[in-house]
Amino acid sequence: MSILLDKKTKVVVQGITGGEGSFHTGQMIEYGTNVVAGVTPGKGGQKFENTNVPIFNTVADAIKATKAEATAIFVPPAFAADAILEAANAGIKLIVCITEGIPTKDMITVYNLVKGKDVKLVGPNCPGVISPGKAKIGIMPGFIHKQGRVGVVSRSGTLTYEAVKQLSDLGIGQSTCVGIGGDPIIGSRFIDVIKLLNDDPGTEGIVMIGEIGGSAEEEAAEFIKKNVKKPVVGFIAGRTAPPGRRMGHAGAIISGGKGTASEKMAAMKKAGIHVVESPAKIGITMKKALDKMKTKAAKPVRIGKKVKPVKK
Amino acid sequence: MKIHEYQAKEVLKKYGVPVQDGIAIKDISEFDDAITELQRRGISQFVVKSQIHAGGRGKGKLYNPNNKEELVLEGGVKFTTDVLKAKEYAVKMLGNLLVTHQTGSEGKIVKTLFITEGLDYKKELYLGILLDRAVSKNVIMASTEGGVEIEKVAEETPEKIIKEWIDPSAGLHAYQARKLAFGLGLEGAAFKNFIPFILKLYKAYEETDSSMLEINPLIITNDDLILALDAKMNFDDNALYRHPEIVEYRDLDEEDPLEIEASKYNLNYIKLDGNVGCMVNGAGLAMATMDIIKLAGGEPANFLDVGGGANKETVANGFKIILSDPNVKAILINIFGGIVRCDRVAQGVIDAVKEMAVQVPVVVRLEGTNAVEAKELLENSGLNFEVALSLQDAAQKVTSVLTYETFA
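Sequences listed follow chains A and B, in order.
Residue numbers are given in the numbering used here: position 271 of the first sequence equals residue 271, and the series is strictly consecutive.
Residue numbers are given in the numbering used here: position 209 of the second sequence equals residue 209, and the series is strictly consecutive.
Simulated from the structure, these hints should not be mistaken for laboratory data.
Mixed in with the good hints there might be a few duds.
[To be verified] In silico PhoX-like links for lysine-lysine, alpha-carbon gap of 20 Å or less:
#1 B:K137 / A:K258
#2 A:K258 / B:K163
#3 B:K200 / B:K13
#4 B:K192 / B:K123
#5 B:K294 / A:K281
#6 A:K117 / B:K137
#7 A:K115 / B:K137
#8 A:K258 / B:K160
#9 A:K230 / A:K258
#10 A:K269 / A:K229
#11 B:K152 / A:K258
#12 B:K203 / B:K13
Please read all numbers here as calculations on a predicted model, not as lab measurements.
Okay, chain B solo, but in the shape it has when bound (with noise of 0.2 Å):
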């Protein structure tokens, strides 16, 4: 699960983590309090942050929703002394689409703004903790090129990253930060500050079941200060059960409405912009029946593992989710039963068909247990499948849905 960049501070100001001092708005009616109360508390200069689930914030473009040729904007996070100005720039942010490189085209409405302090600093770093799968433990990574992508450090200029790894059962050790500091080349108080921020961040990073917890930038003040410019943090979805206090964090905004739809009837879908629908038991099979509608001519429309247990409720509510969106002009169901009974399961896909009067042909292949029965229920429902006995048959079939489609 993702959350956006306020919330994670909020998150990390509660493990003691010195971050950049702010205040959250959804409407530009907040703007002035917001602004009146972080001059109470000192600040004379300001940043307007759009929250949104994707990096590249600040390089990104806002664009008015209702014409996406109108340039609103250039840069989604802007710096000010000047409150008129910073307002200005809060109504050009707020309900309009920003789009980053992380986006894409469609971009992203902005319903969250982050007014931040502007804080001068003389220095940018990176930190990230993160998985490393290779050696199955969690790596601390730093690097003096702060505020820039990290992916383009690794590819170019790869010694500049520092890595620490972290014994799950010794924990994160002040050894371990006093090399991270030096390997950063931090010095007197910057040195001193940044031992307790990194033992505390990490600390933030095993309490919450956070997978994925980068700083970028990590400024180090005028005086000193370490301090969290930006914060991005994702945690385990296995582990949201232990913290009811993340879950609160959701965004259903940032989510695909067809994929919380989907998330009710507890099947795994996100949507892809193709034109053929797909609904598989199991994520590998799911990924490989989209690499066979691919290679048979088409464009996957969908991921989709409706689980082990493929019922006639859980086919019917596949073709639900699968049939709202607009572009998909085939469907292809690829279900291994294995234990299951593929006689039930097409039971479930008739009725389901009948029931939803589904247009768009189908391609069904079922294998397991009464695989042979299946065919027969299926080639004798009256309706038009197309029944595949194998997975090459079934691409096949694939192909001639989608020649024949496009010469109807």
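Extracted from the complex, chain A is given alone in its bound form (with noise of 0.2 Å):
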């Protein structure tokens, strides 16, 4: 199972025929990603490179056409805000944004607009959402990864990449890995994307790589703690971070003396996530959580009754 996508979802590609908007449509239509529909204003009725895919110039006029239900929005900074807006407002349920360099305050504007919305947005300024062996949305490399049994939730791009070979060569495949983004206004947070993981049949264990700057990941630990029995494996970026700069994410910044690593480590450690000090050891150490869940759950059943001591 998978979480937010599938091979069946129908996407739409919001500036496909920009470079990054093509080269990536391409990648996923390679991969088997459903793309029914591209949209650039001004360039309804043609048609995607090679392919039968038709462009439409509003994504309303391609969910009439199509019932696409998810997009991927690869519209240029000053103008993807709106973007979000319009798929929000034309009935999208799934909106991916990988632009990076939004301004936050477009962001403010339209992440209140779509929040009381039957909407998910996930990004702006992230890899996507790809779920192993049956479809992507984003830029993420495909071959790196697993079909399997592992969520992966991530601020970063490169490093979750990192972390999912890491995952891949030890054998262990994922059932969907979510890259939420580095900007400090986000669609989805960790919590999020934990809750559709932990409720997921299909996934067995979790790996969590937050960065300093913000509090989304403590606030992912105390829901963790409550209600999270699967496996989760932590990761921090930025212990080494001076304070007061931008580390490339805007959102990663320490303010304030708030957003440290070590805050967010130790607030993970309490909530009994497997907090891993070094980003090479987080496929291993899940490997490890596994192994010993399998183990408890192999073990010979008890028959007969057995007195529990009453704890006061």
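Since each chain comes alone in its own frame, lean on the hints to assemble the complex.
Next up, the structure:
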């Protein structure tokens, strides 16, 4: 099983004729994603490259003609927030916004307009979503993934690939990997994705990769402590990052002494998460956690009564 | 992007926000004219304020940049009624090194002074506007504890900070402004003056795509005027394209020369104090690579994200920047190519190392399409690469390189 996306999900690509958009649409189709339409205002009526994928002027037109349910946004930063709103208002159920560099003010407005609607927004500034062996919406390299039963959620791009590669090399496949994005305002946070992975019967374990800045990891740790029985492996990037500097991602900044890696790691450890100090140990730690779970499950069941000591 | 106090006040003035009046000078020869002009405006007491991109100026200390032991002046912000004294302060600040709790021990050279009116006031307050990431809305924070660090107030007496969140579609409403004013215990004329102040301040924050606006202190003068005595403004880098007037305020003197150089090549570089340089694609992986260096027994010399399309040119520019830092004893290249072909990146690394005659040991880890071919290329290049196949392997190779360097 997987979350958010599978082989059947009908996908539209906003910004399909741009450089990034067209390249990654080709990659997505090759991976098996059911790309049904593209949107570029002014290019309605054309077809995407050498395919039969029709291009429309608006998302509403694309939905009307193709029943698209999900969108991948590759629109330039100045217009990307508007593209998110267009998709949400047209009735798309899953919006994955890849675009990096959207002004925060635009995202504050759009986030709060989209929040109450029946739509999931992933990103912006993210690698996207992949359900290995089924489909991907995004820019991640498909070949490093392997179909399986571990969910991955991360604020980073290439660091997520790193974690996925470690898992695949150890023979651990993934149910769904979600890059939630490195911006201060993102549609889906750790907690949103972890809830979905926790409810997914096809997911046995969860890898969570955070970084400095904000408090989303602490929020998620609190949720995990109360609700998640599946093993969770966690890493926080940026232990060596200096305060007050934006480390590439607009969201990765320690401000006013808050959002440090050590704070986050402590909160995650307290929640029972297997926190790794080294990003090189993400895969092996998940393997050990899964093995331990299996030996536990394989223990012979005691027949007959056992009196439990009463704890007060 | 950060700007100076005098620039922030210029921005706020445009929005009709009452601010402490003043004139900025960059050279002591401009001092007399500034004072004459302020006197013409009826001002008889003055504050000489050092302009650097760091807080804690008032409590900071000025040192001779050629001899960091020599204390020139205590306090980077000075009040006086005496014009000669003011000039003496100005002389002691300009060109000297101001060290505050935010600059670190290296301090910052004062290149601009803001000569302002000295005001008498009965109360100091705090006002800040910023994004509250937890709810994805802007929040106005106000406190009766003005003139001190807000982080300290938040830590010790959080109940003294009042907050008002702004719905982006509705904007800041008058009732919210009144709530803040009541919360600050304002009454009479001060209350009446506060309402338009905060409404205009928020407008300035919104319309300039500010990411942080802090007035600390906000003062109530003896005749109940509300006025920004200090002003700090940061701006969202992603939105600068629509504010050329703000970009004009960029002060390159406040930035690290290597970081400026790197930004010309579209490289995201931040200089740090360590001995192992690193070159990585992607911000998260770059931070993780810095962490790996630390775990391997080194200290990262920089953060460097070369972005998605790592090619020969970006790699060569990356080397140029990293090697300009004399502290670098080793370099770790960690590229997760993904769709990018690793053999091409490897060729870029080889060419760059040859062209630039790189002397320090280079640990290379390339992952993604054609990673094995890339490893062969590097190993057969005749150059002294330490080729790692995994992140764990890379960490161990950094450790061994550092150990060797220490004993060599």
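Structure-based check of all given hints:
Proposed proximity of K137 (chain B) and K258 (chain A) is supported: the alpha carbons are some 18 Å apart, at most 20 Å. Only pairs whose Cα atoms come within 20 Å are accepted, and K258 (chain A) paired with K163 (chain B) is accepted, the gap being roughly 18 Å. Of the supplied pair hints, the one linking K200 (chain B) and K13 (chain B) holds, its CA atoms being roughly 10 Å apart against a limit of 20 Å. Among the hinted pairs, K192 (chain B) with K123 (chain B) is consistent with the structure: their alpha-carbon atoms are about 16 Å apart, no more than 20 Å.
The straight-line distance between the Cα atoms of K294 (chain B) and K281 (chain A) is roughly 15 Å, inside the 20 Å bound, and the hint therefore holds. In summary, the hint linking K117 (chain A) to K137 (chain B) is supported, as the alpha carbons are separated by about 17 Å, within the 20 Å threshold. At roughly 12 Å between alpha-carbon atoms, K115 (chain A) and K137 (chain B) fall within 20 Å of each other, so this suggested pair holds. The straight-line distance between the Cα atoms of K258 (chain A) and K160 (chain B) is roughly 19 Å, inside the 20 Å bound, and the hint therefore holds.
Between K230 (chain A) and K258 (chain A) the alpha-carbon distance is near 29 Å, which puts this suggested pair outside the 20 Å criterion. For the proposed pair K269 (chain A) and K229 (chain A), the alpha carbon gap of about 15 Å is at most 20 Å, so the pair holds. Between the alpha carbons of K152 (chain B) and K258 (chain A) the distance comes to roughly 12 Å, so the proposed pair stays at or under 20 Å and holds. Taking the CA atoms of K203 (chain B) and K13 (chain B), the gap is near 12 Å; set against the 20 Å cutoff, the hint holds.
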